[in-house]
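Trainee: Residue numbers (my numbering), protein chains in the order written: chain A, 1 to 475; chain B, 1 to 107.
None of these hints come from the bench; they were simulated from the model. Among the hints, a few may not be true.
With a cut-off of at most 30 Å between alpha-carbon atoms, the simulated DSBU-like pairs for lysine-lysine come out as follows [unchecked claim]:
1) Lys77/B x Lys349/A
2) Lys349/A x Lys388/A
3) Lys388/A x Lys40/B
4) Lys40/B x Lys373/A
5) Lys42/B x Lys88/A
6) Lys42/B x Lys456/A
7) Lys271/A x Lys349/A
8) Lys379/A x Lys42/B
9) Lys456/A x Lys77/B
10) Lys60/A x Lys88/A
11) Lys271/A x Lys40/B
12) Lys373/A x Lys42/B
13) Lys379/A x Lys456/A
14) Lys88/A x Lys271/A
15) Lys40/B x Lys379/A
16) Lys77/B x Lys407/A
17) Lys349/A x Lys42/B
18) Lys77/B x Lys79/A
DEER-style ranges, computed between Cβ atoms [said to hold, decoys possible]:
19) Glu51/A x Val76/B: 45 to 53 Å
20) Ser202/A x Asn29/B: 25 to 33 Å
21) Ser387/A x Asp36/B: 47 to 55 Å
22) Thr64/B x Glu342/A: 41 to 49 Å
23) Leu62/B x Asp297/A: 36 to 44 Å
Values in this document were obtained by computation on a predicted structure and should not be read as measured data. The beta carbon of each residue, even a glycine, is placed where N, CA and C say it ideally should be.
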Amino acid sequence: MRVRDLREGYCSGRLRPTEVCRALFAEIARQNTLNAYLCTCEDSALAAAEELEQQYRCGKDPGCLGGIPIAIKDNLNVKGYPTTCGSKILAGYRSGYHATLVSKLLAQGAIIVGKNNLDEFAMGSSNETSAYGPVRNPFDERRVAGGSSGGSAAAVAANLCCAAIGSDTGGSIRQPAAFCGVVGVRPTYGRVSRFGLLAYASSFDQAGPIASCVEDAATILTVISGQDHLDATSAPVAVPDFTENLNRELPRLRIGLPTEYFTAGVDASIKAGIESVVDRLRSTGIEFHRLSLPHTDYALPVYHIVANAEASANLARYDGVRYGFRATTRHLAEMYKRTRTEGFGQEVKRRIMVGAFTLSSGYIDAYYTHAQKVRTLIKQDFEAAFSKVDAILTPVTPTLPFFIGEKFDDPLVMYLSDILTIPASLAGLPAMSLPIGTVGSLPIGLQIISRHFDEKLMFQLAATIERGINHASVI
Amino acid sequence: MAITREVVRHIAELVRIELTESEELLFTNQLSAILDYMDKLKELDTATITPTFHPLEFELPLRTDEPGPTIPIAVVKALAPAMQGEFIEVNHVLIEPNRPGAENYAS
Numbered sequence: 001m002r003v004r005d006l007r008e009g010y011c012s013g014r015l016r017p018t019e020v021c022r023a024l025f026a027e028i029a030r031q032n033t034l035n036a037y038l039c040t041c042e043d044s045a046l047a048a049a050e051e052l053e054q055q056y057r058c059g060k061d062p063g064c065l066g067g068i069p070i071a072i073k074d075n076l077n078v079k080g081y082p083t084t085c086g087s088k089i090l091a092g093y094r095s096g097y098h099a100t101l102v103s104k105l106l107a108q109g110a111i112i113v114g115k116n117n118l119d120e121f122a123m124g125s126s127n128e129t130s131a132y133g134p135v136r137n138p139f140d141e142r143r144v145a146g147g148s149s150g151g152s153a154a155a156v157a158a159n160l161c162c163a164a165i166g167s168d169t170g171g172s173i174r175q176p177a178a179f180c181g182v183v184g185v186r187p188t189y190g191r192v193s194r195f196g197l198l199a200y201a202s203s204f205d206q207a208g209p210i211a212s213c214v215e216d217a218a219t220i221l222t223v224i225s226g227q228d229h230l231d232a233t234s235a236p237v238a239v240p241d242f243t244e245n246l247n248r249e250l251p252r253l254r255i256g257l258p259t260e261y262f263t264a265g266v267d268a269s270i271k272a273g274i275e276s277v278v279d280r281l282r283s284t285g286i287e288f289h290r291l292s293l294p295h296t297d298y299a300l301p302v303y304h305i306v307a308n309a310e311a312s313a314n315l316a317r318y319d320g321v322r323y324g325f326r327a328t329t330r331h332l333a334e335m336y337k338r339t340r341t342e343g344f345g346q347e348v349k350r351r352i353m354v355g356a357f358t359l360s361s362g363y364i365d366a367y368y369t370h371a372q373k374v375r376t377l378i379k380q381d382f383e384a385a386f387s388k389v390d391a392i393l394t395p396v397t398p399t400l401p402f403f404i405g406e407k408f409d410d411p412l413v414m415y416l417s418d419i420l421t422i423p424a425s426l427a428g429l430p431a432m433s434l435p436i437g438t439v440g441s442l443p444i445g446l447q448i449i450s451r452h453f454d455e456k457l458m459f460q461l462a463a464t465i466e467r468g469i470n471h472a473s474v475i
Numbered sequence: 001m002a003i004t005r006e007v008v009r010h011i012a013e014l015v016r017i018e019l020t021e022s023e024e025l026l027f028t029n030q031l032s033a034i035l036d037y038m039d040k041l042k043e044l045d046t047a048t049i050t051p052t053f054h055p056l057e058f059e060l061p062l063r064t065d066e067p068g069p070t071i072p073i074a075v076v077k078a079l080a081p082a083m084q085g086e087f088i089e090v091n092h093v094l095i096e097p098n099r100p101g102a103e104n105y106a107s
């Protein structure tokens with residue numbers, strides 16, 4: 001399901017938004033074992049579809065996403081619908097407002113079809129920490145869809161929507177996109193407003209598109225980007241049309257391959273798949289440079305100190321006072337404790353405890369402040385690299401999608417799933433996952449990292465690779 | 001860094017979470033392993049490095065100081081677990097220990 005095909009169908013009258021929506025909701029119900037959706041927005045979607053159908057019939061263009069069914073990760077607010085963040089602590093919460101990016105999608109005629117399952121409060125790499133059950137990988141339902149935007153990635157991969165919006169803190173769009181064989185984009189920090197995105201780690205969180213092709217991801221990112229007065233961290237940078245150069249020949253590019261991302265810890269079949277893409281690009285005249293990002297190994301501990309410190313502050317608001325679940329107790333202090341104890345899952349508790357420890361008196365300098373200084377070193381590694389190359393290519397994940405339950409009991413093993421996506425997050429760089437084929441029946445992804453606000457080049461390179469890809473097994 | 005059960009209890013108090021005895025043991029082991037892994041950062045000398053609190057620095061946008069619409073009070077009321085008139089109702093905030101009946105409020 002692609003934006004271009006749907007729009008052509010609607011404009012010609014061959015397809016009708018109401019029929020597409022009804023078929024979609026039937027398919028979501030049929031594939032409910034994937035558990036990709038926590039709720040569907042049938043009433044509002046069908047009402048919107050009727051209105052859009054009328055507009056197309058009258059020859060009026062409802063917008064570049066007119067009638068396109070899009071799903072939203074359930075940590076983003078859609079007015080009138082629940083936002084659970086995959087947690088029991090927000091049971092009963094229905095949002096009174098749209099996230100800014102949701103308003104932008106609706107202004108271009110998009111149809112919001114439902115809210116996707118996710119790891120609880122976006123904390124996870126497998127969509128197994130959700131209080132509402134794991135998401136299953138459409139390629140093999142015994143395996144994880146990745147996380148934390150597992151529901152969004154699985155929904156796109158299974159054709160249960162045309163595209164979805166996920167969120168990425170340490171890799172939570174890119175990793176599930178790779179595991180589910182779809183395109184996933186983390187924009188430059190500040191590119192997309194965080195208003196209405198329930199915060200995990202405020203200096204990392206970014207929402208972005210998950211789609212079946214580069215063109216759709218670029219179209220959607222163009223729609224949802226832009227400075228927002230409701231988000232003081234959103235960037236005062238103009239938004240270009242990210243689709244403009246997709247079909248243009250690439251300029252003479254220098255591409256970096258950082259040695260730290262191609263170690264023994266990465267599955268050999270994934271490395272082979274990327275080498276095959278590199279060989280094909282090299283034959284078109286693109287220069288490749290082996291380079292070093294020497295502080296890569298320190299990225300994971302930096303992330304888990306800083307992100308969890310921010311999370312311990314951001315999740316302090318869930319106290320049973322104003323919204324969501326409230327435990328029955330006799331006095332206020334007990335109410336806070338019982339509500340949070342019963343409302344949060346184990347991974348959330350673990351992360352906010354780590355965060356609180358590293359911010360606590362006696363430890364803050366040694367952990368939090370020191371980690372933020374190492375973050376500077378990691379950012380400087382990328383600055384040095386981008387003085388020599390225009391883009392960086394790496395694997396997205398060290399492994400193929402693993403089995404549900406395989407890594408769940410060892411938090412550190414699970415955290416290593418994000419080892420290749422975290423560094424770009426620390427530096428605020430745009431990065432995307434592009435599917436480049438399968439190993440057996442399991443998809444693998446290629447990560448492209450670009451300079452700040454250089455998503456246009458990132459998409460152009462991705463589109464070039466996408467055209468050249470042979471989606472047969474790479475080994 | 002190995003941490004003790006006492007430290008875990010203290011952190012749990014800071015984040016307002018109660019742990020069972022088995023959870024205390026589990027978290028003591030897991031948090032110790034996680035903090036051990038974080039100790040890898042001690043390999044680096046950052047004495048002369050400035051911390052990065054925000055990945056990109058922008059000038060903070062200011063707006064004119066004019067009041068505007070906010071979340072409607074009806075929405076707030078609909079979300080609140082309990083209301084008393086126009087106020088969100090919560091449990092007793094203060095407990096005087098010597099007051100008759102205070103024993104009913106022991107945690």
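Trainee: It remains to establish, for every hint, whether it holds in the given structure.
Mentor: Each hint tested on the structure:
Under the criterion of a C-alpha separation no larger than 30 Å, the hint pairing Lys77/B with Lys349/A is consistent with the structure, at around 29 Å. About 42 Å separates the Cα atoms of Lys349/A and Lys388/A, which puts this hinted pair outside 30 Å; it is violated. Pair hint Lys388/A plus Lys40/B holds up; C-alpha atoms about 29 Å apart against a cutoff of 30 Å. Proposed proximity of Lys40/B and Lys373/A is supported: the alpha carbons are some 14 Å apart, at most 30 Å.
Restraint check for Lys42/B and Lys88/A: the C-alpha separation of about 38 Å exceeds 30 Å, so the hint is violated. The suggested pairing of Lys42/B with Lys456/A is violated, with an alpha-carbon distance near 38 Å, which exceeds 30 Å. Straight-line distance between C-alpha atoms of Lys271/A and Lys349/A comes to about 35 Å, which puts the hinted pair past the 30 Å bound. Taking the CA atoms of Lys379/A and Lys42/B, the gap is about 18 Å. The hint holds against a cut of 30 Å.
Using a Cα cut-off of 30 Å, the hinted pair Lys456/A and Lys77/B is violated, with the two alpha carbons roughly 45 Å apart. With a CA separation close to 43 Å, the supplied pair Lys60/A and Lys88/A exceeds the 30 Å bound. A distance of roughly 27 Å separates the Cα atoms of Lys271/A and Lys40/B; the hinted pair therefore holds under the 30 Å criterion. A distance of roughly 12 Å separates the Cα atoms of Lys373/A and Lys42/B; the hinted pair therefore holds under the 30 Å criterion.
Of the pairs offered as hints, the one joining Lys379/A and Lys456/A holds, with about 21 Å between alpha carbons and a cut-off of 30 Å not exceeded. About 40 Å separates the Cα atoms of Lys88/A and Lys271/A, which puts this hinted pair outside 30 Å; it is violated. With a C-alpha separation of about 18 Å, the suggested pair Lys40/B and Lys379/A falls inside the 30 Å cut-off, and the hint holds. Proposed proximity of Lys77/B and Lys407/A is contradicted: the alpha carbons are some 42 Å apart, above 30 Å.
Simply put, Lys349/A and Lys42/B have alpha-carbon atoms about 26 Å apart, close enough for the 30 Å limit, and the pair holds. Distance check on the hinted pair: Lys77/B and Lys79/A sit about 16 Å apart at the alpha-carbon level, within 30 Å; holds. For the pair Glu51/A and Val76/B, the beta carbons lie near 30 Å from each other, so the given range of 45 to 53 Å is not met. Taking 25 to 33 Å as the suggested C-beta distance range, the pair Ser202/A and Asn29/B conforms, at roughly 30 Å.
As the Cβ distance of Ser387/A to Asp36/B is approximately 36 Å, the hint placing it in 47 to 55 Å is violated. For Thr64/B paired with Glu342/A, a C-beta distance near 44 Å keeps the hint of 41 to 49 Å intact. A C-beta distance of roughly 41 Å is found between Leu62/B and Asp297/A, which places it inside the suggested range of 36 to 44 Å.
Of the numbered hints listed earlier, those contradicted by the structure are 2, 5, 6, 7, 9, 10, 14, 16, 19, 21.
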